[in-house]
Structure formats: structure tokens, C-alpha cells
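**Q** Chain residues, written in single-letter form:
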Amino acid sequence: MVEKKITVTNVLGIHARPATLLVQAASRFESDIFLSKGDVSRINGKSIMGVMMLAAEKGAQVLLEAEGSDAEAALEALGELLASDFEGQI
Amino acid sequence: MNREPLKVSGIAAAPGIAIGKAFAHRAERPAVSLRRVPDYRIESEIERFHIALSEVCEDVRRTRQRVEYEQGADLAMIFDAQLAMLDDVQVKDGTVASIRSRNWSAERAFAETMTQLRQGFGQIENEYLRARVGDLIDIEQQVLVQLAGGGLGLQNTRSNTVIFARDLLPSEAAQLGQRLVKGLVTDGGGATSHTSIIARSLGLPTVVATETASRLVSTGDRVIVDGDQGTIHIRPDAATLRYYRSQLRRQLRRERELSLRSDLPSVTRDGTEITLLANIDLPQEIEQAVANGAHGVGMVRTEFLYVGHRLPSETEQVDAYARVVRAMAPFPVVIRTFDLGGDKLTHAVDSLPEANPFLGWRGIRICLDMPELFKTQLRAILRAGALGDARILLPMISGLDDVRRAREMIAQVQGDLQRQGIEHQADCQVGVMIEVPSAVIISEQLAREVDFFSLGTNDLVQYTLAVDRGNTRVSGLYDPLHPAVLRLIQQVTDNGAAAGIPTSICGEMAADPVAAVILMGLGVHLLSVSPGQMPELKEVVRAADLAAAREVARHSLGLASGKEVRVHVETTLKDVFLAAKPQRPHEAP
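Order-wise, the sequence lines are chains A and B. Those letters in the first sequence? Residues 1 to 90, by the numbering used here. Those letters in the second sequence? Residues 1001 to 1589, by the numbering used here.
Hints are not guaranteed to be accurate.
Pulled from the structure, derived: some chain A residues nowhere near chain B, Cβ distances all over 12 Å [said to hold, decoys possible]: (1) Val2; (2) Thr9; (3) His15; (4) Arg17; (5) Ser41; (6) Val51; (7) Glu57; (8) Gln61; (9) Glu67; (10) Ser69; (11) Glu72.
One-sided and incomplete, this derived list gives chain B residues near chain A with beta-carbon spacing under 10 Å [unchecked claim]: (12) Met1077; (13) Ala1084; (14) Glu1112; (15) Gly1120; (16) Arg1132; (17) Leu1368.
If you're looking for bench data, these hints aren't it; they were derived computationally from the structure. The beta carbon of each residue, even a glycine, is placed where N, CA and C say it ideally should be.
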């Protein structure tokens, strides 16, 4: 398992559209993806409900974990997406 | 729920009266069954849940496509979140687990899972995310409706049903052509939206733009749709019901009389033949067109072929066109090449959101930019033409250059078919839609390079008067009888006649008796309307006198407004309209 701490930079936080994009991206990997923030731990990164309920606002510290055959690649791609402002992807 | 009688007003979109029982499409949350699922049925219950989910996904995807077309890509993104929610592992796993371990019905297991998720959302501190609970409720509702019978749920309806919906896609409206459905009421839409056009062609009394009707009605309520006045009566009192029952009897008697007269020729009192043609949205409408005595098809709309998930093959198109051409032979069938915006063709082209789709990349403009797409359709039309007389109609022509380039492609396709030894129509006529004001202005030049004109008044009126008929704040300004529009039409028929080519009209305007008389007076002797509208139109033609029609048309050109034109024609030719359509004895309640 690999992990990485990321700070959310998007002004609106991970709202519906970024959450959709993140889940779409996570689902492309075979690895299990987990997100944690504060006292919310290890929600499923492939569930939009989970990601939205994480309610990660701008400046929030999010722990990203990946577990599986393509964990490294997943961590890199999703970490980059999370740290971006998502706008380029929308 | 209020049980008092209610009267709701909207826009009359398709004429006639329907009395029946309401079926509220997606207006209510179905009851959740508490039945226990026996062990041996668990797998099929799970399967039922998965099928419902994928049906709803399909539905949301179509809505997304439509919203993207009408409102732009930004708003359409909302539906991406809904699609992701429908595909969510928590939703799926939670529901499946409850079906399997607690023997719950799919409805109950799903509703319970969604309730838990909703509670979680309610606790989110971020206000924006908390508001997404609306999306959760929306998809929950849709899945439950789907599980309760699906889509329009027509399989559960009894006879004499009136459908109430917030809005209907044209494809959904097209499914309503079943005997069970007697009428249609929508909260949204307009008289010239595609859904209304299809309702008219199916002869379904329809009222649109009611804003609230689908929320005021409960499934099973007795309702009356008055598609002439644009009103709906929900749970009517006895007097109203009596009035409409007698109106309905008159209507049925009238239909019988008209059907007995379907063989009579379409000739004015002073002996001029007016050719009645049919507008066809879907190939199956051709049977009604033939039955109602159409002497040709004035316009086949081909968009239905292109709104699916992939492009239609040449063979599919040949089949669709051939059905119409064969049924109508030896009369001509005018096939309009597809008139869609790029955003409707996302499977074929890279489209960009447009600020003004009506002034954008659509119709012939796409065809000329995408020659392969266009040539496939042209080949199909020419091949179908071998079975009768097909003609090509080019939409959105704004200049001579459009015509020359299109004709060049038609010639290439003809050459290809010739070389390949494929049977086709070699002498296919080519005409243009007159719907952009610039085409009217250069109609003298256009007339020398095409075989016929077809007036597309729906768009011509919008472009000429700078009015978006879908915008309720200004739609009152949308007026086909505006003297400016009539003058343009005059110019087109004059230039056509001078060059010896005919002008037909395929716009909705032709079905209005007042407009029909003016059009005849302005020299339009080919009128194309929905098959269901042909019998009434023929009565107008047979009651009219061409010399008198010319006179009122000439006078109308000098009047101040469309309203004045209507009053002038109705009072001058009172006898024509009385003969064509007997008035109702009393005011409707």
C-alpha cells in the first residue's frame, strides 16, 4: 500500500463536479483507493457518495491511499488531480 | 391533496377533446413494497434492481444530451454527478446486501440505502454539498418509478389514459401512438416544440406549458383535455363533464364526416387545385398520410435517424426512406437532409458549446463541413428514389454558395452510384428550404439554380422577427401572420413563379385555416401539414375562393399587425371558416 498527503486547492473544494471527475479517474485503476480527512477515515475513492460526504473544502488535508497492482500509478494520477484546481479537466 | 375541481390553462398544442383518467408520469413517489422475497427469488430480485438502474442511467443520459443541446454543456454536467451516483458502489452494494441478507424487495432495499446516504449528506457542513441531496432524491425517485413499472409506465395504464408529465422527449411522445393514450399534458414545452408536432401528427389532444398540471393531478383522477382552448379540467364537476361529453360526440361525428369526404378532390370553389402534402416525422406516419389522401410528402424530417447513440448506416437510411417513397409512389416524397446542431451529433463530430445555436453550426453548414456524413444520406435518398420519386430538400440555405456546393456533392454521389452499378434515381430534383431571410432576398437568383422552394415558416418567422419562440417572455411576438412575413412569402412565390418553379410550405403555419387562405392567395398552391391535419385543411380549401383569397392576401400586406390580418381575414371570409369548421354552440366552461 502507498499513501500521500494532499492539500485541496480548488476554491469550492471537492464539490460535485470534481468528485465526479475524481471517482471516474479512480475507477480506471484496478487498485482500491481510499481517502481520509480528519476523523473521517478510509472512504472508498470509487464512490461518489463517499467522496462527496468527505466534504473536503479548500485547504483541507486529505490522505490518499492506494492498494493493489497499479497503486503507484494511481497515487500519482489521483494526487495530481486532487492537488489541481480541476478546472483544466472540466 | 386537493380534491376540488381544478381548471388549469396552458398552450393548445394539438386540437381535440379527450376525457379520461390521468396518469401522472413521475409526479409521485410509488409506494415501497414491504413484501419479503423468498430465497429462491433473491437472484432475480437483484437482477431486477440492476436492470432498473441501467434503464434510469439510459434515461439520465438522454436527458443530459437534451439539456446539453438546449442549455449548454455546463448545465449538462449536473447529470454526470447523477450518473456517477447511479453507478456508485455504496448504492449498489448496500442495496444488494439488504436484498440478500434481509430478503427485502429491491424497492425497499434501495429506498433504505438511499435514506441512509441522505442522512449522511444532511450532516455535511459544506452547504453546497449538502444541497446535492436534491440529486439523491431525484435519482431515488426515478429508480423507484422504474422498479414500479418503468419509463412512462404505460404497460400499467388502462384505456382512456391522459398522460401528465413535466416534459416529454420527442422519442417518448412518439411512443404514445397507442390506442390506450387519449391525451397529453406537459408542464413545459411550446406549441412548436417537437413533442407538440408529434402529438399533432398522432392526433392526440395536447396542452403544453401548463407549468403545474403534473403536480396538481393524481394518477386515476378524471381529467378533460381541451386541445382547442388549451385548458385542462382536473376532477371536473358534473356540468363541465356534460358539456365536454357532448363536444366529444360532435368531434367524433365530425371525424366520421371528414373520413367520408377523404376522396373528394382538394379544389377551391373557383376550380384551382391546391395540392395537399403530408409532413412526416417518422416513417410509420406514411400510412395515415396515404389514407387521408396526400398527393405527396412535402417534407420527411430525417432527424429521428440521427438522435440515437450512433449514426445510421446507409442501409438503415435506405430502408426508412424507401418505406415512405414506395407507399407514396407515384407522388413525390421530399426528403429534407438532416437539420441538427453539432451538439446533437456528438457521436460523429467534435462540437463546441454555442452561445447561439440558432445562428450556429447546423443544417447544411454541418453537411458541407462533414462531406462523408452528408454523402451517406444523399446516397440513401437517391437509392430510395429508385422505387418512386424522391426529392432532396436542403435546410438552412443562406446563400447561393451553399446550393452550389451541395449540388456538387449530389453530382459526385450520383456519379459514384452510377460507376458502382447501384440502382438509384438519376433525375432527382433538388430544392431548398426558405427559412433564412437572406434566402428570401436572393430568391430570384436561387430560383434559377434549384427545382423548388419550400417555405420553412417556423424558422423564417423567428429569424425575421428576431423572436425565440421558446422564450416565454417574447414568444407572444412570434407571429406568422406579421405583414413582414407575408411580404417575404409574396417575394418568394413571385420569384419562384417567374422562374417556373413551385413553392410549397411545410411550416406549422399552413395548418391554421386563416394562414392557409392567405398562403393560397399569395400563390402557394402546395400545402404540407401533419397527416392528421389534412382532412380539416381540405375543408378550408374546398370552401375557399381563390380570387377572394388573393384579395384578402393583398389587403393583408398593408395592415399593421398579425392581429389585424387575422381579424380582416376572419370577418371578410366568415363563410369560408364557418363552412370549414362549424363553431361550437357555447363558450367552453
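**Q** Decide, hint by hint, whether the structure agrees.
**A** How the hints compare with the structure:
| no. | hint | verdict |
| --- | --- | --- |
| 1 | Val2 | holds (21 Å) |
| 2 | Thr9 | holds (16 Å) |
| 3 | His15 | violated (5 Å) |
| 4 | Arg17 | violated (6 Å) |
| 5 | Ser41 | holds (15 Å) |
| 6 | Val51 | violated (9 Å) |
| 7 | Glu57 | violated (6 Å) |
| 8 | Gln61 | holds (16 Å) |
| 9 | Glu67 | holds (15 Å) |
| 10 | Ser69 | holds (19 Å) |
| 11 | Glu72 | holds (23 Å) |
| 12 | Met1077 | holds (6 Å) |
| 13 | Ala1084 | holds (4 Å) |
| 14 | Glu1112 | violated (14 Å) |
| 15 | Gly1120 | holds (5 Å) |
| 16 | Arg1132 | holds (6 Å) |
| 17 | Leu1368 | violated (32 Å) |
Of the numbered hints listed earlier, those contradicted by the structure are 3, 4, 6, 7, 14 and 17.
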